[in-house]
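Each protein sequence line maps, in turn, to chains A and B.
Under my numbering, the first residue of the first sequence carries the number 1, and numbering increases by one thereafter.
Under my numbering, the first residue of the second sequence carries the number 196, and numbering increases by one thereafter.
Honestly, the hints are just simulated from the structure, not real lab data.
Computed from a predicted model, the values in this text were never measured in an experiment.
We put the beta carbon where it would ideally sit given N, CA and C, even for glycine.
Keep in mind that the hints are not guaranteed to be accurate.
Unchecked claim - Label pairs and their in silico Cβ distance ranges: (1) D211/B with E164/A: 48 to 58 Å; (2) T133/A with D235/B: 31 to 41 Å; (3) D211/B with E121/A: 32 to 42 Å; (4) S48/A with L269/B: 43 to 53 Å; (5) D274/B with R157/A: 48 to 58 Å; (6) N147/A with Q350/B: 33 to 43 Å; (7) E344/B with D130/A: 23 to 33 Å; (8) I264/B with S48/A: 21 to 31 Å; (9) N237/B with Q34/A: 28 to 38 Å; (10) N317/B with E152/A: 37 to 47 Å.
Said to hold, decoys possible - Listed next, the stretches of chain B that the computed footprint assigns to chain A, with coverage defined by at least 3 CB atoms under 8 Å from CB atoms of chain A: (11) 215 to 228; (12) 245 to 257; (13) 338 to 344.
Each chain is listed here by its residues.
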Amino acid sequence: MSFVNPASKEINCKIVYYGPGLGGKTTNIQSVYQKMSGKADNDLVTLSTENERTLFFDFLPLELGEIRGYKTRFHLYTVPGQVIYEASRKLILRGVDGIVFVADSQVEKMESNIESLRDLENNLAEQGYDISTIPMVFQWNKRDLPNVMPTEEMDMRLNKWSCEAYEGMAVEGRGVFECLKSVTKKVLVNIKRDF
Amino acid sequence: MDFNYFKEHIGTFLSDKNMTDAKVFLTDMDGYLLYSSKGDVNKSLIALIAGVYQGAHKLYSMMGEGKEIPSLSLGEGADNLFIKLVTIKGRELLLSSVLSDITYPARYKMYLKLLADELVENYPETENVELPKKNEAGGFLFDDISDEEVDNLFQL
């Protein structure tokens, strides 16, 4: 849940990048860090295995400046995508305000996408969230690869909630900020209802 | 939460105990900072404190004990990381301190536990929090936020 400090007029929000292993979640957050280093509150924290798979989480605090007199801070997290790290994913989802679901566009990865989305839905439900109401955007990542599924089909099979969806090539930064801006707006709009 | 209460109470306590050099933080479970004895603080550090505590707590729970860890202490001798769970009005917070080259770490931790107890006991029944007005900025916070305003947030 977003954290508002009325005294100092600060708003802190938590955005989690979710999706199957090797789908590009860490690449997304690294791309944000590279381009926004001037606004990154501190360094990108990466807790990864020896072969650079996410072990616990990546964390990037962003101080985005003021909007209507409120300072906005966004905490970006990724979850570890590998199935075995389910407990870690549940922890990281606590207090989430918005989700970027990074799906792998390769045809052979569709089952992994579906499994990860089901995992997200269940983990959110365990914490009392309804996936249909939480601010969420999809990124169809790795569009540069040759064996990708048409976006219409990905949308049909994954995006049951008609969320906004963007094509992505996170390694080149494409689609990264479109997703982040979109979820940022949804999160900010959502604060008004809860506050 | 009442930020002023934390600022005043923790500041007074640290001063009374001659611990003004201490690095003491109060955060919520999501790693948001409510108080820092050292002013600006590394946000990544705060997120890691919350992550470490939650990870340890989950580990403890999964190993069969099923209880909450009231405090967590990492390190030996003069250099420690100490995290204490504080539950105020049903909200779980973390009082943490980085102990670096401390001569009497046990006494230091005892004081932090005492501080945690006092924060709970003395928390005001009625929070002295000034909430923003609902109609501020022409609506309810950001109800008519535009794409341009969001774009501006990302301008370097």
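Hints, verified against the model:
1. As the Cβ distance of D211/B to E164/A is approximately 54 Å, the hint placing it in 48 to 58 Å holds.
2. Checked against the hint of 31 to 41 Å, the C-beta distance between T133/A and D235/B comes to roughly 35 Å, which is consistent with it.
3. At roughly 50 Å, the beta carbons of D211/B and E121/A sit outside the given window of 32 to 42 Å.
4. Between S48/A and L269/B the beta carbon distance is about 20 Å. The supplied range of 43 to 53 Å is therefore violated.
5. Roughly 52 Å separates the CB atoms of D274/B and R157/A, a value that falls within the hinted 48 to 58 Å.
6. Separation of N147/A from Q350/B is about 37 Å and conforms to the stated range, judged on CB atoms against 33 to 43 Å.
7. For the pair E344/B and D130/A, the supplied restraint of 23 to 33 Å holds, since their beta-carbon distance comes to about 27 Å.
8. For I264/B paired with S48/A, a C-beta distance near 25 Å keeps the hint of 21 to 31 Å intact.
9. Between N237/B and Q34/A the beta carbons are some 20 Å apart, a value that contradicts the proposed interval 28 to 38 Å.
10. In this structure the supplied range 37 to 47 Å is violated for N317/B paired with E152/A, their Cβ-Cβ distance being about 60 Å.
11. Residues of the segment 215 to 228 of chain B lying with their CB closer than 8 Å to a CB of chain A number 5, which satisfies the three-residue condition for coverage.
12. Counting residues of the segment 245 to 257 of chain B whose CB lies closer than 8 Å to any CB of chain A gives 5, which reaches the minimum of 3, so the coverage claim holds.
13. For a cut-off of 8 Å, the count of residues in the segment 338 to 344 of chain B with a CB near a CB of chain A stands at 4, and the three-residue condition holds.
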